[in-house]
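*Asks:* I would like the entire structure built from these sequences, with the hints used as guidance.
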Amino acid sequence: MLEMTGVSYHYQPGKPAVDNVSLCIRAGEFAAIAGRNGSGKTTLTRLVMSLIKPANGQIVLNGVNTSSQSPGDIARHVGYVFQNPDSQIFRDTVASEVAYGPEQLGFSAPEIASSVAEALEKTGLTALADVYPRSLSRGQKQRVTIASALAMKPDILILDEPTSGQDAKEKESLLRILTELNEQGKTIILVTHDMDILARYAKRVVVMASGAKVFDGPVAELFAQGNDIRKWGLRAPAIMNISRKLSKYGVFPVLTATELSQQIAERVQRGRM
Amino acid sequence: MKQLAPLTKLVFTVAVSIWAMLLTSLPGLGLLAVAQVVTLAVCGLLGRTYKGILSLTGFAVVLILVQYALGSELEAAIAGGLRMIDMATVFVILLATTKMQSLTTALVSQCRVPQEYAFMFTTALRFIPDFLAESKAVREAQACRGYTGKGGIVRRFTSYLALVGPLVLRAVSRSETMALSLELRGFGAGRRSFSTDVGLKFRDYCTLLGMIALTAGFTAGRIVYGW
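Keeping their order, the protein sequence lines are chains H and G. Quick note, the first sequence lines up with residues 881 to 1153 if you use my numbering. Quick note, the second sequence lines up with residues 110 to 336 if you use my numbering.
Don't read these hints as lab results, they were simulated from the structure. Hints are supplied without guarantee of correctness; some may be wrong.
Here are the simulated distance ranges between beta carbons [as the list claims (entries may be wrong)]:
#1 G:Gly-261 with H:Lys-933: 26 to 36 Å
#2 G:Lys-160 with H:Arg-1018: 27 to 37 Å
#3 G:Lys-160 with H:Asn-1107: 40 to 50 Å
#4 H:Asn-900 with G:Gly-330: 57 to 67 Å
#5 H:Pro-893 with G:Val-147: 14 to 24 Å
#6 G:Gly-261 with H:Pro-990: 19 to 29 Å
#7 G:Tyr-269 with H:Asn-942: 53 to 63 Å
#8 H:Asn-945 with G:Glu-182: 48 to 58 Å
Using N, Cα and C, we set each Cβ at its ideal position, and we do this for glycine too.
*Replies:* The structure is reproduced here in structure tokens:
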């Protein structure tokens, strides 16, 4: 579906922001791109959107090389949700804001109406359709941007740090929406350095460090890397650290609170704790 | 250049503008432009500023063509373009070599400009790169939603609202936040002090004397030799 082969990009000569990265994202995946600030995560996704062009290598999206495509062309297949929703919101109502993308892509009026209604419904914004979007909370605004991307009917959704500046409830709500979208077949690529989110929701993790891809695999495998993850600017989620500390009671390292509570409940029932 | 006090650089900015007005010959104006580019290169700032200089050059070419098309003589049109480059490049030098905080301090404590005006001036200057970065972010966000900016004049104008809207709203929001933050930190509360040392040193006095000598030389050259 999305294949990057030997992709490199430099903002300054001699300092690669993305260095010879090869990556394949298949349909229906829920992948996360992680790494410390400046590791090349966002540059990688900007390359996918054709906002910048690779200095070397190629990016193939649905069998088509994207080198001659504009971000508008890519938007038909990939929805991009920026970290700051205020960068894009400019219309008077949530519904008209969400309709902007389909209008730009030349959808017919009935298609626009149905795609907007569907996108609002999937993001839980139907009741806010006529509200002025700038008056919404940060989490709601972020949902407007997700709805804006969804209304363009993309196969892939890329979200750059979508949970920044949100409280726990808003984060939870947003990630539930993403999980549902993924279950409905949408490919999700999440750029994040929030290890708890990564551990709970992503199935696959790509770790970037100094522009290079240093890890690509399942989440559990990432946290089994020991000291390497610290070197890459990551840390194990709190639940994993707690479960490791409980290993003397026979608890195995786990990634989610649900898994940990199940283990503890089992051991308590058997009288081992 | 970086070692000089902000006041010296402010005087240098004014002096270069005066020299550009005094000089009328193309070699003189060209030499002034080259000298400024060399100054940037010597300060190690050419890599950071060359895009701005190239843009200025492009704008100067347009200015020359417009003047020529409107009936000016070619030499006068080129002189106008070079003069614009001279007067604009010196601002690039000033801004690339001076911290905004030092500039505000110099304007308030040495030039006796009211603090509010000095702060407004330096904040406006600082706002330009922020605004350009913001503009890029908005353009990219809308490009990912299908914005192209192509089509007829009406379509281009209406589609431009997708960029202008978020930019204006964010600029207003940012200035509100900044105003509140400044007030909360005591801006305008009364007599203030400065942590930056902007006092003139020996090298500043030498540079100022050099500038006076050059200005006198250019004035004499203009009167006696018609430079």
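*Asks:* Are the hints correct? Go through all of them and say.
*Replies:* A quick look at each hint next to the structure:
no., hint, in the structure
1, G:Gly-261 with H:Lys-933: 26 to 36 Å, "28 Å, holds"
2, G:Lys-160 with H:Arg-1018: 27 to 37 Å, "35 Å, holds"
3, G:Lys-160 with H:Asn-1107: 40 to 50 Å, "43 Å, holds"
4, H:Asn-900 with G:Gly-330: 57 to 67 Å, "59 Å, holds"
5, H:Pro-893 with G:Val-147: 14 to 24 Å, "23 Å, holds"
6, G:Gly-261 with H:Pro-990: 19 to 29 Å, "26 Å, holds"
7, G:Tyr-269 with H:Asn-942: 53 to 63 Å, "31 Å, violated"
8, H:Asn-945 with G:Glu-182: 48 to 58 Å, "53 Å, holds"
The structure fails to meet hint 7 from the earlier list, while all remaining hints are met.
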